[in-house]
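Line by line, the protein sequences are chains R and Z. First residue of the first sequence? That's 1 in the working numbering, and the numbers climb one at a time after it. First residue of the second sequence? That's 1 in the working numbering, and the numbers climb one at a time after it.
Just so you know, these hints were derived from the structure itself, not from any lab. Possibly wrong hints are sitting among the right ones.
Below, simulated DSS-like cross-link-like pairs (lysine-lysine); rule was C-alpha separation at most 30 Å, straight line [said to hold, decoys possible]:
hint : chain 1 : residue 1 : chain 2 : residue 2
1    : Z       : K287      : R       : K90
2    : Z       : K182      : R       : K209
3    : R       : K284      : Z       : K182
4    : R       : K182      : Z       : K170
5    : R       : K287      : Z       : K192
6    : R       : K203      : R       : K192
7    : Z       : K302      : R       : K182
8    : R       : K203      : Z       : K182
9    : Z       : K263      : Z       : K284
10   : R       : K302      : Z       : K209
11   : R       : K192      : Z       : K114
12   : R       : K209      : Z       : K302
13   : Z       : K287      : R       : K263
14   : R       : K263      : Z       : K263
15   : Z       : K182      : R       : K90
16   : Z       : K96       : Z       : K67
17   : R       : K192      : Z       : K26
18   : R       : K192      : Z       : K284
19   : Z       : K302      : R       : K192
20   : R       : K302      : Z       : K192
21   : R       : K209      : Z       : K287
22   : R       : K254      : Z       : K192
23   : R       : K170      : R       : K192
24   : Z       : K209      : R       : K209
Now for the letters of each chain:
There are 2 protein chains.
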Amino acid sequence: MSEKQDNSVLVAGSIAYDCIETPLAKEDYILGGASCYAALACSYFAPVKMAGIAGNDFKASDMERLKARGIDVSGVEFDANKPTFFWRGKYHENFKSRETIDVRLNAFEDYSPKLSEEQASCGYVLLGNISPVLQESVLEQMKNPRFVVLDTMDLWISTANDTLRRLIGKVDLLILNDDEAKQLSGCSNLLKAGDALRDMGAKAVIIKKGEHGSMLFCDDGFFTMGTYPVRDLYDPTGAGDSYAGALIGYIASKGDASFETLKRAMLAAAATSSITVESFSCYKLEKSGMEEISRRMDYIRKISSI
Amino acid sequence: MSEKQDNSVLVAGSIAYDCIETPLAKEDYILGGASCYAALACSYFAPVKMAGIAGNDFKASDMERLKARGIDVSGVEFDANKPTFFWRGKYHENFKSRETIDVRLNAFEDYSPKLSEEQASCGYVLLGNISPVLQESVLEQMKNPRFVVLDTMDLWISTANDTLRRLIGKVDLLILNDDEAKQLSGCSNLLKAGDALRDMGAKAVIIKKGEHGSMLFCDDGFFTMGTYPVRDLYDPTGAGDSYAGALIGYIASKGDASFETLKRAMLAAAATSSITVESFSCYKLEKSGMEEISRRMDYIRKISSI
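Isolated chain R (complex conformation):
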């Protein structure tokens, strides 16, 4: 395994077209999906190889947007007979709640991931938000991953709980948001939820609390941090994926997963995902640069230093 392969990140997850309505605006058929957001976020920190499946309506121009950030899309699969995964969602009451109006699996319906030799050799893996069965299939094909991050969502906690729980014991870090942590653990107190998820077999857990920051539970201790103050939330879609992507990218860039590295990775993740939510789709994330991410990382540090 070459040095380069070892430090690159495999990002698996959905590739999607989204139709999104927020209290502020509405846009149709915009590039989305866990894999796209996460790969773009990750690309600022480490070499990325994307896994996932696109459909027969996927635009070459959208593939170019990913390539423009240096993402290796050579292993992305295509379904010639079906359109790309589709999600239509609406945010209500100042973004307090999100409603899925329509979801069509399309290309993901019969998807069975087949990783290339190069993909399977990546040292770092993000099992981004897709069904736990697909996440498990990706993980099983990896040759010798050094660090594996698992993301999930409420849907899979309800519908694929057993597979998800099995997976939790096989990865290095579980990331989920506050509602998901409560749902999966059955604990209404987030600190107890973090403890319970570790008891469930997770080596380390990050619970994201949106505007309230995030918390890390691991063998080395407990860590809590705020986030970058976003005054003009535009579209929260992809925030969690961007967080996970930047997180694993930062870890890969350091080549270790010590407590201190995980803390700084959370800083990088918070800074990067704060950019995502300031526009629809990946518009702002893909145009951003390491300079802006670094500035936000420094700013989070500054406003929380005591």
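Starting from the structure of chain R, add chain Z where the hints point.
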């Protein structure tokens, strides 16, 4: 004005008996009220003089509990004809919501604060949670206060908005929780709410977010911090009062209100209020010690250091 008078804190607010039901337990006629919680919290940091009115049912033993913490209760007024302010409340759904089942002003009904010479000479003032009309009366009687903190609640934002807004321009620091900040400012984004409250005339604003910590908005900048992780919330009553009391006590103990002092005062406030919520009434707060508060301050720093 002697040095001692100058560094002491006048704590004004309600003196109450509470009947509280939580998802965990229920207790009747326990000592409560903004002034009691705040004075006890403040007493760990600076000399405290209490202002407020107790009724004809107020127990001498409860007065002794306040005195035992060195609180100067000589200026507390008494209504010989009416019972003490009474509140009956119930917490629902894992403390997510609070319902007032019964509230009786009793001694507070015709209360018009009359400060003693000693009380009026305090250098630091906490206008704890009572009606803005009473808060304004207290403030007008102060001789030459160096730093004034104003606390409030949803009830006064609804029913005494004009007086409250007038008061905001006369104090040094406004403290309120996230829901109150949104209600008073009309902004659903907490950062915009903080900005709007400053535009309303508040020199500095602290927005408390319960388990998610607190934020400071002032001329010197923005500061955000987490809080002490409470795994076993027992009764949130008095958390805000304890926060405010410890905050002004810390400021008085330092004799300045610089940005750095305010940050550390928030640390002291978070640590102290985390003790309050681990028991009913002031039970744990009054028995605590500076050692435990310091330990919690250090712990908050430790878990958020990066």
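- Message: Need the list of violated hint numbers for this structure, in ascending order.
- Response: 1, 4, 8, 11, 13, 16, 21 and 22
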